[in-house]
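**Q** All chains should be modelled from the sequences, with the hints used to inform the complete structure.
Line by line, the protein sequences are chains A and B.
Read the first sequence against the working numbering and you will find it ends at 452, with the numbers running on by one and no gaps.
Read the second sequence against the working numbering and you will find it ends at 452, with the numbers running on by one and no gaps.
No false leads were mixed into what you were given.
SDA-like cross-link-like pairs, simulated, lysine to any residue; straight-line CA separation at most 25 Å:
| id | chain 1 | residue 1 | chain 2 | residue 2 |
| --- | --- | --- | --- | --- |
| 1 | B | K97 | A | A427 |
| 2 | B | K180 | B | D219 |
| 3 | B | K180 | B | E134 |
| 4 | A | K325 | B | S169 |
| 5 | A | K325 | B | T177 |
| 6 | A | K180 | B | G327 |
| 7 | B | K325 | B | E383 |
| 8 | A | K180 | A | G212 |
| 9 | A | K97 | B | A435 |
| 10 | A | K325 | B | Q172 |
| 11 | A | K97 | B | V439 |
| 12 | A | K97 | A | E60 |
| 13 | B | K97 | A | G30 |
| 14 | B | K97 | A | I434 |
| 15 | A | K97 | B | H426 |
| 16 | A | K97 | A | D124 |
Note that these hints are calculated values from the structure, not bench results.
Single-letter residue listing:
Number of protein chains: 2
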Amino acid sequence: MPAHWGLTVTPSGHLACDSVSLASLRETWGSPLHVVLARRLRENASEFLAVNGVGRTRAEVYYSYKSNPVPGVLQLLHGLGVGAEVISEYELWLALKLGVPANRIVFNGPAKSTAAIHDAVARDLLLLNVNHREEIDVVAAAARALGKRPRIGIRVAASAGWSGQFGLSIGQGEAFTAIKQVHESGVLQLTAIHCHVGGMLRSAQQVLGYVGEVLALADRVRSDLGVELAILDFGGSLATPTVAGISEFDRRLSIAFQAPIPAPVPDATISIREYVRCVVEKVETHYAATAKQCPRIFFEPGRAMTGNAQVLITSVLSLNASDPKPGWAILDAGINLAESARSEFHHILPASRMHAERALRYRLAGPICSPGDVLSWSALLPELAIGDALAIMDAGAYFVPFATSFSFPRPAIVMVDGSDVHLLRHAETFEHIIALDRVEQPPANEKRQALQ
Amino acid sequence: MPAHWGLTVTPSGHLACDSVSLASLRETWGSPLHVVLARRLRENASEFLAVNGVGRTRAEVYYSYKSNPVPGVLQLLHGLGVGAEVISEYELWLALKLGVPANRIVFNGPAKSTAAIHDAVARDLLLLNVNHREEIDVVAAAARALGKRPRIGIRVAASAGWSGQFGLSIGQGEAFTAIKQVHESGVLQLTAIHCHVGGMLRSAQQVLGYVGEVLALADRVRSDLGVELAILDFGGSLATPTVAGISEFDRRLSIAFQAPIPAPVPDATISIREYVRCVVEKVETHYAATAKQCPRIFFEPGRAMTGNAQVLITSVLSLNASDPKPGWAILDAGINLAESARSEFHHILPASRMHAERALRYRLAGPICSPGDVLSWSALLPELAIGDALAIMDAGAYFVPFATSFSFPRPAIVMVDGSDVHLLRHAETFEHIIALDRVEQPPANEKRQALQ
Numbered sequence: 001m002p003a004h005w006g007l008t009v010t011p012s013g014h015l016a017c018d019s020v021s022l023a024s025l026r027e028t029w030g031s032p033l034h035v036v037l038a039r040r041l042r043e044n045a046s047e048f049l050a051v052n053g054v055g056r057t058r059a060e061v062y063y064s065y066k067s068n069p070v071p072g073v074l075q076l077l078h079g080l081g082v083g084a085e086v087i088s089e090y091e092l093w094l095a096l097k098l099g100v101p102a103n104r105i106v107f108n109g110p111a112k113s114t115a116a117i118h119d120a121v122a123r124d125l126l127l128l129n130v131n132h133r134e135e136i137d138v139v140a141a142a143a144r145a146l147g148k149r150p151r152i153g154i155r156v157a158a159s160a161g162w163s164g165q166f167g168l169s170i171g172q173g174e175a176f177t178a179i180k181q182v183h184e185s186g187v188l189q190l191t192a193i194h195c196h197v198g199g200m201l202r203s204a205q206q207v208l209g210y211v212g213e214v215l216a217l218a219d220r221v222r223s224d225l226g227v228e229l230a231i232l233d234f235g236g237s238l239a240t241p242t243v244a245g246i247s248e249f250d251r252r253l254s255i256a257f258q259a260p261i262p263a264p265v266p267d268a269t270i271s272i273r274e275y276v277r278c279v280v281e282k283v284e285t286h287y288a289a290t291a292k293q294c295p296r297i298f299f300e301p302g303r304a305m306t307g308n309a310q311v312l313i314t315s316v317l318s319l320n321a322s323d324p325k326p327g328w329a330i331l332d333a334g335i336n337l338a339e340s341a342r343s344e345f346h347h348i349l350p351a352s353r354m355h356a357e358r359a360l361r362y363r364l365a366g367p368i369c370s371p372g373d374v375l376s377w378s379a380l381l382p383e384l385a386i387g388d389a390l391a392i393m394d395a396g397a398y399f400v401p402f403a404t405s406f407s408f409p410r411p412a413i414v415m416v417d418g419s420d421v422h423l424l425r426h427a428e429t430f431e432h433i434i435a436l437d438r439v440e441q442p443p444a445n446e447k448r449q450a451l452q
Numbered sequence: 001m002p003a004h005w006g007l008t009v010t011p012s013g014h015l016a017c018d019s020v021s022l023a024s025l026r027e028t029w030g031s032p033l034h035v036v037l038a039r040r041l042r043e044n045a046s047e048f049l050a051v052n053g054v055g056r057t058r059a060e061v062y063y064s065y066k067s068n069p070v071p072g073v074l075q076l077l078h079g080l081g082v083g084a085e086v087i088s089e090y091e092l093w094l095a096l097k098l099g100v101p102a103n104r105i106v107f108n109g110p111a112k113s114t115a116a117i118h119d120a121v122a123r124d125l126l127l128l129n130v131n132h133r134e135e136i137d138v139v140a141a142a143a144r145a146l147g148k149r150p151r152i153g154i155r156v157a158a159s160a161g162w163s164g165q166f167g168l169s170i171g172q173g174e175a176f177t178a179i180k181q182v183h184e185s186g187v188l189q190l191t192a193i194h195c196h197v198g199g200m201l202r203s204a205q206q207v208l209g210y211v212g213e214v215l216a217l218a219d220r221v222r223s224d225l226g227v228e229l230a231i232l233d234f235g236g237s238l239a240t241p242t243v244a245g246i247s248e249f250d251r252r253l254s255i256a257f258q259a260p261i262p263a264p265v266p267d268a269t270i271s272i273r274e275y276v277r278c279v280v281e282k283v284e285t286h287y288a289a290t291a292k293q294c295p296r297i298f299f300e301p302g303r304a305m306t307g308n309a310q311v312l313i314t315s316v317l318s319l320n321a322s323d324p325k326p327g328w329a330i331l332d333a334g335i336n337l338a339e340s341a342r343s344e345f346h347h348i349l350p351a352s353r354m355h356a357e358r359a360l361r362y363r364l365a366g367p368i369c370s371p372g373d374v375l376s377w378s379a380l381l382p383e384l385a386i387g388d389a390l391a392i393m394d395a396g397a398y399f400v401p402f403a404t405s406f407s408f409p410r411p412a413i414v415m416v417d418g419s420d421v422h423l424l425r426h427a428e429t430f431e432h433i434i435a436l437d438r439v440e441q442p443p444a445n446e447k448r449q450a451l452q
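**A** Have a look at this one:
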């Protein structure tokens, strides 16, 4: 099982990355602790960046900053040739701060403020994908004011996947109408179609479905508007093979009868390489048939890039057998740090006792005083003691950005790289949590009078 | 409607607190913006602290820090005579930093580390409520090691309300067994029963049910162990009158058919004063009948104290009519700042257009790129324009602690007090979000080479 994450088990039963025991890292860096697995991160990036097409088209990769906005992680990816996909002024600022050139930044999302659009246009970002029609006038006004001709993509919604607040429907014609509007604006360069379907893609069939819809739309743009799109941007959404959504039915069975949530079969998800290859080949084949030059192909992976390259190590704070079996183990990490575990199955491994028989069922609760703070209703584990380490796997997507300081400070983040361990982020201190507050210090007497 | 929160409407249609327009505060403090209503906070506290009993028993009030851990809010409450209820080392540290004496601090929760328990015992806190039996040995060991006799309460689970990871069942006898164990430990002072039922209490009937169970248990402690408990701690859970949970049925109707979520009838929730009075009278009457001295009565309000004393002001970033009606308004605050709105109904008011007819339905989405980032599927509002302010009401409980920095920095918090506006917390800066990170700055050339 640990091999799924490129991990091993030491003779003494510790889950290890390149012979570094993950549980033992707590001695230096405290608990809970995020551990980034550098080797897995490099492997994932190289899978995305490998030339996969039958011909020459190389996939370009823009990492979805929102998934795991940790500067040390982002810098490693950028060093390998991965660009930035951002959805806010903060993320744009961060990409620029980390040295990403403007022509390696894609700006997306439904919530671009007028100021953010102005900034993006002024900086000549690689691509600005408009999410809905009303954005076009705002971008055009910024372009006119700045004397720029920004490269514009249109986010489209395919017949499957997210719609609602995201993108313009291909099927209902809204996507083409918006594309035409961009083309006719006079100040915008119609450059791309952007199709991020959302959810968790697992099969080539799912992927090829929406790629086909995008290609058909690109054909219509050519035939009706005479425009050859320079970029097809296929977004992200490739699943992490070891993570799956939890159905309402499974959740209820788990709460009521301690039925374990079924783990996904890792082989049921196509690999990164297969995913990239199937998209690139489909696009190349399509363009070869039209004798047109193949456009640039963009991917914006989030969870597929970083999800399985990070582990959240947590410790048992307390045990509570009061409730009918299975008993509770109270951990120092709960939904405050692993919000995704409310809706996704994540493997939870006994990080320092991997050889022990997993003979007991536990309910795993986090530290915040909420009945919703449960990471598992039925985790099969060896008998636990206070201080034991558990590893919450696949913590590299949507754990850090959804983390809160609810009653407990946020943990340190370290990176294991060969036998080296680097600190990427210090653990949050008590002082940091209130660093932006104005704390008035009334005279000691007065205070005690009021309070006593 | 604004009167529910002690607010008014100016002649020009602005929602106002003591004549200060909430929407206009954005000009100085930015958007989004938390606005604390000092007058309402003082009123809530004075309702809790009023002497309510038929005799002399004064309710003691310990504010649940986790609900809204903003130093400026906590200091106002402490200045009025409210103590601190904490559930973590961080919250204990914060209470002490704000000048709360140890004998005005109650320590609760299922996730007390051994170190935290040691610290609490060393400091002679007012009361340490043990959550489950296994904690008793840890507390006793700390007491022996430190030569202390800490005051101990037992958290119990009544026949209604939370159980699971919280407290020991009265009905199944676990609560009494634990009480006996504390009594016989030799080093712990058996002091209190602690009963925090959770959820949202609305009626005297609900309240009196669990109070009766606690009184019966206290009687058994007297008769079987000969111990007169010094404190009965009734926790919190009184509802905010204008907030209610959203049922799965209502949510589905709202998504599918734009049916508005029904707002709770404010008068259906007992007032703070009635709530305190009904508990105090029941306890006093019970003890009068036994001719014993009435114990101290503790309350630990969270949402009832601060929930309706804070408003989250948000601005319309973008409008999106692409989707079938109702159209989308994209706001600069979503579940990143108002996580509670996923499961609770909160009124959302047009903060600067209160006189306008609310004739249109909108879907209100937040700024993060997630289909779950929806604050309302059917909000009745005047026609919106970019920049319009909306007021998300009852933002004073579980908004701040559940806030994340997901792609967008967290907002400033100001307090309106008469005509004064004080800054309580600065808006988070981009720099603050990565202040704990190690950001390596590779030479400019190298960076650009890797990325291009």
